[in-house]
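**Q** This is what each chain is made of:
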Amino acid sequence: MSDMITFPDVVNWAVPFFIAAILAELLWIVIKGRGGRYETRDALTSLLMGAGNVASGIVLGFVAYGFFMALWAITPLDLGTSFWTIALCFVLDDLRYYWVHRFGHRIRWVWASHVNHHSSQHYNLTTALRQTWTGTFTFMMVMRAPLVLMGFHPGMVLFVGGLNLIYQFWIHTEAISRLPRWFEAVMNTPSHHRVHHGRNPRYLDCNYAGVFIIWDKLFGTFVPELDSEKVDYGLVHNLGTFNPLRVAFHEWVGIYRDATQPGLGWRERLNYCVMPPGWSHDGSRSTSLDIKARYVSQYPDSAGSPGLPYTEIKGQNTRP
Amino acid sequence: MPLSVLLPLVGVGIIGIAVMLHVLGLSRAAQLPDEVAAKAAWLREFPDHTPTRVILSHDHHAALIETDDGPGVVWAMGADTTARALSGARIRRTAKGLRIDLPDFTAPHIHLRLDPDEAAHWPTYMKDSA
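Protein chains in written order, with this note's numbering: chain A, 198 to 517; chain B, 3 to 132.
Source of the hints: derived by calculation from the structure; they are not laboratory data.
Treat the hints loosely; a few may be bogus.
To spell it out: a stretch of chain A is covered by chain B in this simulated footprint if at least three of its residues, at any positions, have a beta carbon under 8 Å from a beta carbon of chain B; those stretches are [stated by the list, open to error]:
1) 219-230
2) 235-241
3) 245-256
4) 437-443
Here a beta-carbon is modelled for each residue, glycine too, at the ideal position from N, C-alpha and C.
Taking the hints into account, I'd like the entire structure generated from these sequences.
**A** If you want it as C-alpha cells, here you go:
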C-alpha cells in the first residue's frame, strides 16, 4: 500500500485565482454594464462563507481523512498513481458528486448543509464560494468510500474532488451566455448551472452535475436554460439576513424545531430530517414537486415542458 | 499553501473586494418604484397570498402588505428584496422607524427606516389586519 503519497491541496492554491477572477468579472460588469450583478453585503457574506468552509475543512477535515485512511488500510486493492488512474478517479468522483449533490437537494439532512450555497439572490463568482461549514455532519463522506475501496488512494480522491470544485467555480457567472454546442452537450457550463440555481418552479431540483452534464442527461434530471424564462436566483423563501452564522445554520435550526415539536410520532420526527425540503407532517408546506404541480395547474400550457410534470397531480410526472 | 500565507491572502482578498464594491456604489439598497413592484416582490415570496392593500414607505425601500391571511412586510435585502408574514411579530419604535422581531431564525430582526408619521401608523395597520 502506498500510504506516503501526497497530493497538493489544490483548492487552497487556487485562492489567488479565485480573487483575480472575481475582480475580473466585477470589472467586466462595471465596464460593460452587463453580464451579472454584484452587491456588497451579498458578496461579503459569500466570501465569508467561503473562508468558513476552508476553516471548517482545517478543523474537521481529519474526520473524513481518518475514515478514508481506515478504509485504505483494509482494502487489498491499489490502482497506483498513473495519469489514467487519476483521470478515471476524476470521472468516477464526478459521478459520486452528482449523487451527493442530488441527495443534497432531496434529503433535508443533507440540504441543511447545502442550502447556504443557494441562499444568494445573486449569481456571480462570489456565489461559487458560498460554501457549507457543516458538510462533515451530513456523513456524505461515505459516498467516497467505494472509490477508496476500489483502490484509489484517499489523497487522490480528495485531490480530484478539489479539481472538481475548482472547475465549478467559473460556471457561477452570468457573464458567459452559451458555449459551443459540443461543450454544452458534455460539460457543465454557466448556462446549465444558472438553471440549477433558479427558484422558478421549472428550474427547481435539476442539473446536479459537477463537471460532466452527461450525468443529468443519463439520470433524467437535465433541464436546459430557456431564453423565454429568465432564471430567478435564490431560495423558494429567501433569507432575511446576511449574517453568515444564520446562513450556515438556519436549516439545521429548522430541522431541530420541526423534529422536536410536541405531538409528533417518531416516524414524523425522522421524516422532518430525511424527507425532501418542504415536507411537513400536516401537508402545510410545499416540496419542489408540489410547487411544480401547482405551477402546472395555474399554467396548464406549461405541462410537460422542460422541468415541469405532464400532469398537475402532486408528485406525478407521467404522460397523460 | 502554508496557513501563514493563506490567512492573510484570504483576509486581504475579502476586505479588498468588499471595499471595492462599496466604492463602486454597489451597496445601494433595492427600491420598490411603486405599489405594483411591491406587490410583485411580495408574490415572489408568497404566491398564494394575494395582497389586498399595499402601503409603500416614503423612501421606497419597504412596503406594508395586507392579505386575507394577515399582514406582512416586504423590505430591501441589499440589491434585492424579501418578505415575511408578521404572525408572532413584536414591533417597536426606533429612532429611525420600526424594529420588527420575528420568531424566524432566517429573519429575526427587520429594521424599517420610516418617517415619524409612518412609524406611528404602520403598527396600527399591522395589528388591525392581524
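**Q** All hints are to be evaluated individually against the structure, with a verdict given for each.
**A** Checked hints:
1. 219-230: holds (count 4)
2. 235-241: holds (count 7)
3. 245-256: Contact hint for the region 245-256 of chain A vs chain B: holds, 4 residues under 8 Å.
4. 437-443: The restraint on the region 437-443 of chain A holds, since 4 of its residues have a Cβ under 8 Å from chain B and three suffice.
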